[in-house]
Every structure is written in C-alpha cells, then in structure tokens.
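> One-letter residues, chain by chain:
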Amino acid sequence: MGAVAAPGGRSSGKKNLNVELNLVPFIDLLTCLICFLLMAAVWVQIGKISVTQSGQGAPTEQTPEERQRLNLVVAVTPQGFLITGNGQTLEGGDILKKDSQYDFERLGTKLKEIHGLFPDKNDIVVMSEDSINYQDLINTMDVCLANEFPNISVSGTI
Amino acid sequence: MPIKKPKPHLLDSVKLKTAKKHLEKKAGRSVDCSLNLTPMIDMFVVLVIFLLMTFSTSGEILFIQKDIELPKAEMTDELEQAPVITIGAGRVVIEGNNVGRMDDIAEDENFEIADLAEHLNNLKRNFQQLHPNQQFAGKIIIQGDKEVTFRVLKKVMFTCTSIGYTNINFAVYPTGGGGGPPEEGAEEPG
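For the record, the sequence lines run as chains E and U.
According to the numbering used here, the residues represented by the first sequence are 1 to 158, in order.
According to the numbering used here, the residues represented by the second sequence are 1001 to 1190, in order.
Looking at chain U on its own, in the form it has when it is part of the complex (with noise of 0.2 Å):
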C-alpha cells in the first residue's frame, strides 16, 4: 500500500460533537471587542474647548530671547503686529539687526541712534510702498529687559519718535487684572 502525506484530521480525543460546536461558533469566546470611545471623545472634546479658549489669532508676535526678562504689569492690551526693538543682553537689536552696544549708547552724548533711524526709516520707507493707500500708524514695540536703564531706553524711543514712530508700546508681562482702558491716541497717525 503506498505512503500518502497526512490530511488534516482530528485527533481521536476530539469529539465530533465538540468539533462540531466549534465549526458552528457556539462554543467559546467571540475575539470580537468594541472599545469604549466616550472617556476618549470627552477628553478629546475638552481639549479643544480649552484649545479654542486660548487660541490667539495674532500667533506668535514676539520671540522672547532667554537672556532677556520683560518686565511685569497689571494693565496690559492685547499686543499688535509692529516692528520689534530689542534692549536687553548688553545690545540693542532691531527685527534681528543687532544697532549698538547698550554700554555705547549709554556713554554717547547723542540723543539718536544713527544705525537703529537708519533701519527705522528702512520699515517706514518699506511700509510706505508696499502700503501706499494706508496711513502710515508709526507702531513700535520695545521689547526691554526689566534691568534695562531708562538712559538707553530714552535714547530709544527719541530716535523712534525722531523717524515717525510715535506710538511706542512696552512689552510687557501681564499678570492679571484684566485689559486697561481704552487707549485714545492709539491711532494717531506717524
């Protein structure tokens, strides 16, 4: 009689009854397994609603550098996109143009600062002509460390008045007490 290769078969301890049973699924556990998804979109829910609470649709306006500390205030408005000065770590920077050491403006007897009008007029010039039917608002951010002594800083805010910039906004930390009142020369022309 020839060898043939093995089919496959039960074994003789298995029933064909039990066999059976398993063939129609009456026996043992169903692999299938719904998850629980409500405690997920709950959370998921939440979430977003303290996402959209703190979202802020000016975005990122200011990039606090790590050596600079802005001081703290409790009367603060909501911050507005403008070109950024930063006074602080022993320099003074415009939008990422580094303008003079703090110590040499502390010590020069001139009021302005050449190289920080020169990069004012700059944006006022670029403003103008990618903006010719606007007013030109003469907005400016000072982004200051909170050590930053007011010698510097006045010669800041000369120069920038001296160029148009003459609404001058303080950036500042707030820690609390609710927005200030409203500003009435805030949309003064430059």
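Next comes chain E alone, as it looks inside the complex (with noise of 0.2 Å):
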C-alpha cells in the first residue's frame, strides 16, 4: 500500500502513516457478484424478426389513396426471387438464382433502388412458395429489412 511522507521531512520519531486496506470484504462482495452474474449469464443470444400475417382481418373498402400506393411484394420461388408492385412485375424485378442459390445481393439492390423511388414506403410482403426453405425467407426478410422496409407481411398465397 501506498506510503504518505510526513510533512517537512522529519520522519523518525513520527506516527508511521502507512495505511493497510482491509480487503477481505471486498474480494467477497466481488466473488458472491461474480457467482451470481455467472449463474444469470445467458450464453447464446437469440434475435427476433417481427412479420405479421398478409390479409388477415376483415376486408376492408380501401381509399383511392390507399389504391394509389405501391402494393410491393418480393415472391420467393424455386427459381428465384420476382419483385412485383400492384401486380405488376417490376423492371429487373425477375432475379433468378446464381449457381442455385439466391441472389441476395442483387435483390437487396433492387430494394434499395425501389426505396429512393418511394422514401415514404415500409411496408412489403414476402410471398413464398410451399416447398420454400425457412432460412432463405428468414434471409429474404433480412433483406427486406437492410433495406429500410421494416414492415414485412408473409403470405403464402401465389
């Protein structure tokens, strides 16, 4: 520990000012603290991804605005991916599998070209086929969602 020199330089004959911490209670606050973060320590992190189900709910009258707006949807097929907006399939919207696996790269470029065309819009729906795997619409709608379109619907509909 730490020695304090007594002022004016006359140290013998003075109080010796060396001061021993008691640390024993602190290395047992440490040890019970380290004890109880180990035992409440999750070791494998787990994310979410938030989608809803298209069409669900009563149908409802749209407005001529609502009927205005980009309806956008990404269908995953066998063969790729098809990028339609109100029914219509988009330019360069047809992106087919590179070596039999998904173009994630072109597909996240045409959403983000789709997204400096319509700033305002969030919202898409993911439409897969049946024999689709899980991981690749979970990487579709992280595509979706790198792309500034946190409102994913799914829909199974095609």
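One should not assume that every hint holds.
To be verified - Derived list of chain E stretches under chain U, where covered just means 3 residues or more per stretch with a C-beta under 8 Å from a C-beta of chain U:
(1) 37 to 45
(2) 128 to 134
(3) 142 to 150
To be verified - Below 30 Å or equal to it, Euclidean Cα-Cα: the simulated DSSO-like pairs (lysine-lysine) are:
(4) U/1146 / E/97
(5) E/121 / U/1072
(6) E/14 / U/1017
(7) U/1146 / U/1066
(8) U/1139 / U/1072
(9) U/1146 / E/98
(10) U/1021 / E/15
(11) U/1146 / E/112
(12) U/1072 / E/97
(13) E/98 / U/1072
(14) E/121 / U/1139
(15) U/1007 / U/1021
(16) U/1072 / E/112
(17) U/1154 / E/121
(18) U/1005 / U/1017
(19) U/1154 / E/97
(20) E/98 / U/1154
(21) U/1146 / U/1124
(22) E/112 / U/1154
In case anyone wonders, no lab produced these hints; they're calculated from the structure.
Each residue gets a CB set at the ideal place from its N, CA and C atoms; glycine is no exception.
Two chains, each in its own frame: build the complex with the hints.
In structure tokens, the structure reads:
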C-alpha cells in the first residue's frame, strides 16, 4: 500500500502513516457478484424478426389514396425472386438464382432502388412457395429489413 | 536417588545464547507471509465488468433443443417473453406440448392445426384472466429449424393469426450488424 511521507521531511520519531486496507470484504463482495452473474448469464444470444400474416382481419374498403399506393411484393420461388408492384412485375424484378443459390445481393440492390423511388414506403409482402426453406425465407426478410422495409407481411398465396 | 521423569531441556550442543535469540525471535525467518491480492482483485474486476456487460435482464427465453438449428439473420431485435412454438425434429410443439407431426400437418388439407389452435386459445384465455386490465398484445415466438419448409410454417402462422396472435416473431441467431429498424406495428393489439 502507498506510504505517505510526513511533512517537513522529519520522518524519524513520527507516527507511521502507512495504512493497510482491509480487502477481505471487497473480495467477498466481488466473489458473490461473480457467482450471481455467472449463474444468471445467458450464453446463447437469440434475436427475432417480427412479421405479420398478410391479409389478416376482415376486408376493408380501400380509399383512392390507398389504391394508388404501391403494393410491393417479393415472391420467393424455387427459381428465384420476383418483385411485383401492384400486380405488375417491376423492371429488373425477375431475379433468378445464381449457381443454384438465391441472389440476395441483387435483391438488396433492387429493393434499395425501389426505396429510393418511394422513400415513404416501409411495408412489403414476402410471398413464398410451399417448398421454400425457412432459412431462405429468413434471408429474404433480412434483406428487406436491411433496405428499410421494416413492416414485413408474410403470405403463402401464390 | 529416585528416578524422575525428564523435563524439557536444552541439549548440550545448543548454546544458551542461541536459545535466547530464538526465544526473543531475533533469529530465524518470520512465518508470516502476506499474499499479493492486487492481481486477483484486478482479475475479479475485469470478470465482473465483462459479466455485467453481457448480462441480460430478460434471462433465458428460449430453450434450444440440440436437434433444432435456428436460421441466421443480421437485422434482428431483442427477443421478448412470449409463448413459444417449436417447429423441428419432425414435430410441432407449443410450450412443451406436442400438437402434431410435421408430415401429418404438411399433408393435411386444412390450414388450421386443431390442437395448436386449442392450446393457443387456452393461453389467450389464461392471459385475459390473469391480466384483465391489460391489452392482449398477441405476441408469439416461432422457433423453427432452418430446414423446415414454408408449407408447415404457413399453417402454423395461419393458426396463430386466426386465434389472435398476430405479432409473430421468428427466433434467429444474430450474426452481427446491429439491431434492426424500429418496428411500427409491434404494439398492435391482438
């Protein structure tokens, strides 16, 4: 522990100023804290992707503004992706698989381009065929989220 | 002369001077030894800081079964407490109750899984009885194996939505990239 020199340099004959801290309670506290934290620790981190099912609830009458809005759909098929807006395939929206792998990079580029044209749009429908793997579906939703389409609906009706 | 029991005494070889020194503790090394505790406390502090940083207040929400491998995703949010539906290892399970085999569910023409609907209805009723003043959030966690096909998944999702669990959360392994964008429809009532 640190020593404090007596003022004036006359240390001889003075009271010793060295103080030994009592570390035992501090070590006890740290040990208890470590035990608690080790027991309460979560070693596997799990995240979530939130979605809604498309077309839920009773059908409602659409207003003219709603009819004019872009209804953006990404269809996941065994051949690749198909991006449609209001039922029409968008230009460059047919993204086929590359080396039998889904081309998520091109999907991302296309979605970014669409978001640039419609900056207020934040909802998207992901349609999938029955045979599509869960991992591919999650990857598609991940790309949608990364390109600022946070409101994802999932639909199975192709 | 009677024989007496010997008492402790010095050997002839030990000089009186040496004995005196020993008794006065002036000779020989002291047996007191102070441990250097500083590195141990340093290590403890580092460990506590690390554990505090990784501490999660929500605790363990999901129990990962060894035969289910979750998909990976980058844009994820933090998982919240909700009923868990597990799809994988050939069966669909809700909160530990088996509600059907995946093959049967995939082949079934009905979209709604009857057993799952019944369990979800019970959970919803329980929630409404236990929290009469709270709005039903309709949150559900789907913990699916990455190889599960959408045929099964859509039926599970349809059943959840038909009961009122509209806020569906897919459990995934985060692969970095930070949290996702804010969810606007997350607090929708069920």
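> When you check the alpha-carbon spacing of residue 1007 of chain U and residue 1021 of chain U, does it fall within 30 Å?
Roughly 21 Å separates the two Cα atoms, so the pair holds.
> Taking only the CA atoms, is the gap from residue 98 of chain E to residue 1072 of chain U under or equal to 30 Å?
This hinted pair holds, its Cα atoms lying about 21 Å apart.
> Is the Cα-Cα distance between residue 14 of chain E and residue 1017 of chain U 30 Å or less?
This hinted pair is violated, its Cα atoms lying about 34 Å apart.
> Just to be careful, I want the Cα atoms of residue 1154 of chain U and residue 121 of chain E compared with a cutoff of 30 Å; is the pair within it?
Holds, at roughly 25 Å.
> Just to make sure I understand the rule, a stretch counts as covered if three or more of its residues have a C-beta closer than 8 Å to a C-beta of the chain. Does the region 142 to 150 of chain E meet that for chain U?
holds (count 5)
> Taken at face value, is the distance from the CA of residue 1154 of chain U to the CA of residue 112 of chain E at most 30 Å?
Holds. Residue 112 of chain E to residue 1154 of chain U sits at ~27 Å (cutoff 30 Å).
> What's the verdict on residue 1146 of chain U and residue 1066 of chain U, does the C-alpha distance respect the 30 Å limit or exceed it?
holds, 13 Å
> Is the straight-line distance between the alpha-carbon of residue 1005 of chain U and that of residue 1017 of chain U 30 Å or less?
Answer holds: residue 1005 of chain U to residue 1017 of chain U is near 26 Å, not above 30 Å.
> Quick one, are residue 1146 of chain U and residue 112 of chain E close enough, alpha carbons at most 30 Å?
Given that 30 Å is the threshold and the Cα spacing comes to 26 Å, the pair holds.
> Hinted pair, alpha-carbon criterion (30 Å max): residue 98 of chain E, residue 1154 of chain U. Please report holds or violated.
holds, 26 Å
> Is the hinted pair residue 1146 of chain U and residue 98 of chain E satisfied, with a Cα-Cα distance of at most 30 Å?
holds, 21 Å
> Residue 1146 of chain U and residue 97 of chain E: Cα distance at most 30 Å?
holds, 19 Å
Checked against the numbered hints given earlier, this structure breaks only hint 6.
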